[in-house]
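Residue numbers (my numbering), protein chains in the order written: chain V, 51 to 797; chain E, 51 to 797.
Hints may be right or wrong, so weigh each one.
Remember, identical chains collapse to one label, so a pair may be satisfied in a single copy or spanning two.
To be verified - Within a straight-line C-alpha distance of at most 27 Å, the following computed DSS-like cross-link-like pairs (lysine-lysine) qualify: (1) Lys743 <-> Lys196; (2) Lys277 <-> Lys419; (3) Lys238 <-> Lys286; (4) Lys568 <-> Lys739; (5) Lys564 <-> Lys530; (6) Lys273 <-> Lys374; (7) Lys283 <-> Lys173; (8) Lys238 <-> Lys416; (9) Lys300 <-> Lys283; (10) Lys196 <-> Lys510; (11) Lys350 <-> Lys273; (12) Lys194 <-> Lys686; (13) Lys416 <-> Lys323.
No lab work stands behind these hints, which were simulated from the structure alone.
Protein chains: 2
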Amino acid sequence: MVLKNKNIIQAACILYMLFVNSTISAQQPADFVNPIIGTSNYGAAFPGPIAPRGMASISPFNVSGPQNRPLEKDSQWLSNPYVNENTFLTGFSQVNLSGVGCPELGVILLMPTTGEVEIDHLKYGSTYSNEVAKAAYYSVNIDKYKVKGEFTASKRVGVSRFTFPKGQSNVLLNLGVGLTNEEGAMIKVVSNTEIEGMRSVGSFCYNSPEDAYPVYFVAKFSKAADKFGVWKKPAKYNGVEAQWMGYNGKARMMENTIKTVVGDSIGSYFTYKFDKEETVEVKIGISYVSIENARENLAKEVGDKAFETVYKETYDEWNEELSKIAVEGGSKDDKTIFYTALYHTLIHPNTLNDFNGEFPEIKRSKIGKTEGTRYTVFSLWDTYRNLHQLMSLVYPKQQSDMVKSMIQMYDENGWLPKWELNSTETFTMVGDPASIVIADTYLKGIRDFDVQKAYKAMLKGADQMENNPLRPGLKDYIQKGFLTTDNRGPVSTTQEYNISDYAISLLADALGKKADAKRFKTRSLSYRKLFDNKLNLLRPRIANGNWYEPFDPNSGANFEENVGFIEGNAWQYNFMVPHDINGLKRLMGGDKAFSAQLQKIFDSKQFDMANEPDIANPYLFNYVKGEEFKAQENVKRLVREYFQNKPKGLPGNDDTGTMSAWLVYSMMGIYPIVPGEPVYTITAPMFDKVTIKLDPQYYKSDSIVIERQGNPEGKINTIQLNGKPLNTFFISHDNLVNGKTLKVIQN
Amino acid sequence: MVLKNKNIIQAACILYMLFVNSTISAQQPADFVNPIIGTSNYGAAFPGPIAPRGMASISPFNVSGPQNRPLEKDSQWLSNPYVNENTFLTGFSQVNLSGVGCPELGVILLMPTTGEVEIDHLKYGSTYSNEVAKAAYYSVNIDKYKVKGEFTASKRVGVSRFTFPKGQSNVLLNLGVGLTNEEGAMIKVVSNTEIEGMRSVGSFCYNSPEDAYPVYFVAKFSKAADKFGVWKKPAKYNGVEAQWMGYNGKARMMENTIKTVVGDSIGSYFTYKFDKEETVEVKIGISYVSIENARENLAKEVGDKAFETVYKETYDEWNEELSKIAVEGGSKDDKTIFYTALYHTLIHPNTLNDFNGEFPEIKRSKIGKTEGTRYTVFSLWDTYRNLHQLMSLVYPKQQSDMVKSMIQMYDENGWLPKWELNSTETFTMVGDPASIVIADTYLKGIRDFDVQKAYKAMLKGADQMENNPLRPGLKDYIQKGFLTTDNRGPVSTTQEYNISDYAISLLADALGKKADAKRFKTRSLSYRKLFDNKLNLLRPRIANGNWYEPFDPNSGANFEENVGFIEGNAWQYNFMVPHDINGLKRLMGGDKAFSAQLQKIFDSKQFDMANEPDIANPYLFNYVKGEEFKAQENVKRLVREYFQNKPKGLPGNDDTGTMSAWLVYSMMGIYPIVPGEPVYTITAPMFDKVTIKLDPQYYKSDSIVIERQGNPEGKINTIQLNGKPLNTFFISHDNLVNGKTLKVIQN
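Pulled out of the complex, with its shape left as it was, chain V reads as follows (with noise of 0.2 Å):
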């Protein structure tokens, strides 16, 4: 009897088996999700886990100590919390940015070690192995201690698990590291299970030190320390009394007291003394409203909850998100790319809101209230390109609320904004992108939101001529069509200001203010003026209207300041007025020599993936007929050359989701490629069947279909929407969205 039973649970196991087996081999969208992409080659994206658009996440710090250079935060200009190559882990920051170019966030650290305390980050610091970082999940082993850290996420809460060995155990909180540049902390324990405090961040891009902020955050612990206590390193102190200051300068341990301490270099530590293999959790809501609000996040989002169960939902809530778009065919990696870029499009903007929906209005005068979500991190110069038009198709109710988010802005402040980050208007990079935005989302249907006051805003960005904090320049660009060179970037900023303008006018005409419309279309050409027909360039005006000499047109590349250009030099921006490309082909003489110099791009190796100014270019050729096939090929070129599943498998900075969101429409086949108008070119799609869901409340269709049929490596031949050839490399969104299925054939 005993024997037969044990067949008859044999077979079960083995039933139970397969079925375990057939569900992980059926992965879902978030399996495919591979966070250690884009963690080098500058492309700062962190692996751990965060919730979509989550104002916490949890990355491992990798930054600091002699050890990591020349990837070290003090170094260089450097700006994120990981990068892949570096070998010294100095603890898991709990808020961080995705994708930026400057170095911010990246603080509250926490650390776990064992043995006697030691509070010098250099010294505790650590080797690690055996990562494991998907989606809502990191792990990793930390060498020197032999500890195992996991980590997930809610949106407000980042969840640490610490598997310690038997021993004297510690879970250090250093608020004095970290990758922003600003400094100053308060912490306070408020028992044997949780910790109090706040971090100041801010003056991104080194810019607006005066906006610096506090981030607060409340931590709960699973276990009741040991011991704990704070520690403070504080300033030396000068003058005469430094000779009867034997402390002076030095750290001081502070044990079993609950005082609030406030300093540049502190933090505090939890200690356990364990019989055997323990674990802790550290659960760390944070705020950036108050302490009380941090607290609040923590126990409306997480509460008791378990480790595993936080992961599962926020996992599930991952695949919901990116289950907006199935995918057929294509090979495991070509899927992981994907929803890693889909992944990281769904990082930045993020919620600013607490879980009571308060949040700090721009300028921290005043705690606002929202009903809905309260969107921050809008890096727009690199976003209106391409990533706030995916919102728009995929996840459009997101996509209205990072418009409210701007319209609230600009009440708040008095203006839209151009790169505000946790309600600081950094001012960062050129242009007037906001307009561009809204513009954009309301000409796609999406208009659940007061698009008089909008209309209102891109008005006074577009035309106050004095104290212009979005327009610098402005007089001369009304007055001569284009920034002269006494401005910063004239010939890239009169490119931006005309795409603004561009998108304006579009909504002016919709809204039926045709005067507005006729005169920002006017204004969105002016950059015709700074066409130097000998180069086929744009090019610099000096004030007096000549133009800026001696002019080297290479000059500029790889980020160099130059005089003409942001960040870019005049290949790569020259084919930056994506609302007038026939425009631009008459300046240069037709079809041919246009091609001739968009090739010439390519093949001078001036083109520049990593960068927004030019990432349209491959698509350019759709404008020329007969040309098509070049979109094609480069486009897929591109992808495979800078696209991959490693960690260099992003070109640069993902720019907060830009490049990613390049790569998702990419690889569909279709590209947003005139910000502001709603219209997508069409390329070769990179899977056999792309299935977009459409949002009931913003769409009437179900789902939209792009499939591929043919020769995936060959031109494409002909393109159908439900089943009729469309004659055209160009298709509206309307077209798009109320169709069902756009076919691709590649012969």
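Guided by the hints, dock chain E onto chain V, whose structure is given.
Below, chain E without anything else, positioned relative to chain V:
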């Protein structure tokens, strides 16, 4: 009719004026308080308002800036926020210590300015004039801005009133500058009428930096600011990034923001635009527990009360306290120095608990709660000698709460206090003085505390040979009878332990613990082993028991470090065996030799009125029959020489009221000559009549009267108690408090 009425009004007016004048001329005890006394000559008193035993106080702050050198806080060991002869005022500090010997507190600096906001105190500071200092009130003109400042305080709230001229006016709250050497603060403007924050203080006497602790505050303004902001001057950033930080190390102005700012050098400004002369009141509530408690202290103690109301209430409180001793006869100056001294004895120990009873326990591991008053600032090495004896006699309820507070500290910390300051144990000075104070209190009949626990605590301090923070060197002391030169100040410390042991033996006896009584009595005489009868002085011994060589008895005057003694030399300490003066006499060879040696101290200018070890010396002539007149002469001479109605009117540090208590007793004609033993010695009173009201909760008599008769300049001829000759210059506490009249007849 008009004229007739005018006459009536005139008459009424004259009557009123007469009434007012008579009210004014009938001066109350509080009217004699001159807080300017002790604000020079290192008296370390401050002239601003404080309530009796108040937590909050306001002092003009004039010890920063090169203008104030040499009495500038960073140029020397300076322990006071205000020096009378200094000229450059940089604000009004909201928490202050009175009469201590180390720089501490003197933080949260409020400063009115006009014109553009300037945040550098060296630039915004001003000369000042027209100081008025009274009990509970201080006013001054701030010359540079033509602003009048007036100040009063309740127990936990400082109230400032500024009268501004027309134009832009500012109220600065500077959390950077301070008397303390600690750094670090937090500030948050809550609204245009409220600020909250904290400031780190601690490391008193350059000790125990790890015990640095926060003082929390909430400031409420009577008028809403037109503009407000916060400033921060950050530490300078090092590293390659400094090249991109144009703002590196520079002060930042942050306008109209409600964010939390932390840093070493921070502050806030409230700005007004006034059309005419206007006043702004600022009420600042203090707490050592939390911002919430500071807010509650402010609301419950002061709330919306007018400046005048707060002043009147605190004035009344002072008057009630000071009226416990009524003096008749004596000059106005005599009354002034007397009541100011009594006022100084009622500042420390001061209240630590908040309005709701909460206070930080010792080491800040917990928030405690008290029903009565939790006292703090126990400078016991000073105050065990006379201040607590004065409290037991005149304010026994306060003394009882002080003893209870000390026993609470033992509960929290495992040890009685030594030099406790806002729940940190600074371990400043030597000896084990709490035992003396508790025994003295109990033996005077104040017994509403847990004496058994107190006794247990005393024994722990007296007997625990290892890891005893109160009595380092105890093993040597117990085994050899003295500390050897391996310890700091071995002779002084032996003497201190002897005095404590004597007090313990007295209490043991009273509690029926005969063996302990005997043991500690024996221990209390061990100083005799340090008596070098060749020198007639106490002298240090080295570890093998030999005398320390070479020995210079003069070394150690003026607070020089020396082998053997703490803050003094062999001469100054020679008579500090108050419990065994008869034994000392025998050692010296009898009355004559004793008297000669005592006289030598005065003749050789070794006597230091400003230092505790020898302040009882003038009274020691009472131990030599026929030489009591020398006590009378010396006491009177010292009172006249060192205690005067002027800024330099204290001999040196008031030592939290110890010098003042000496004066109060000396002017009343009695002195508690043996700390721990309920006995007074008698000298000639300096008033015709002194009436001490006794607290019926502790004493049977309503009051005791000390009268003088005959020639005030003559020697004492007869002393009578209740009309009967006393025939001794000593009187027990029981006889005094149960008597009715002590009459001293001089001829």
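Requested in this report: Could you check the structure against the hints above and give me the numbers of any it violates, in ascending order?
Outcome: 1, 4, 6, 10, 12
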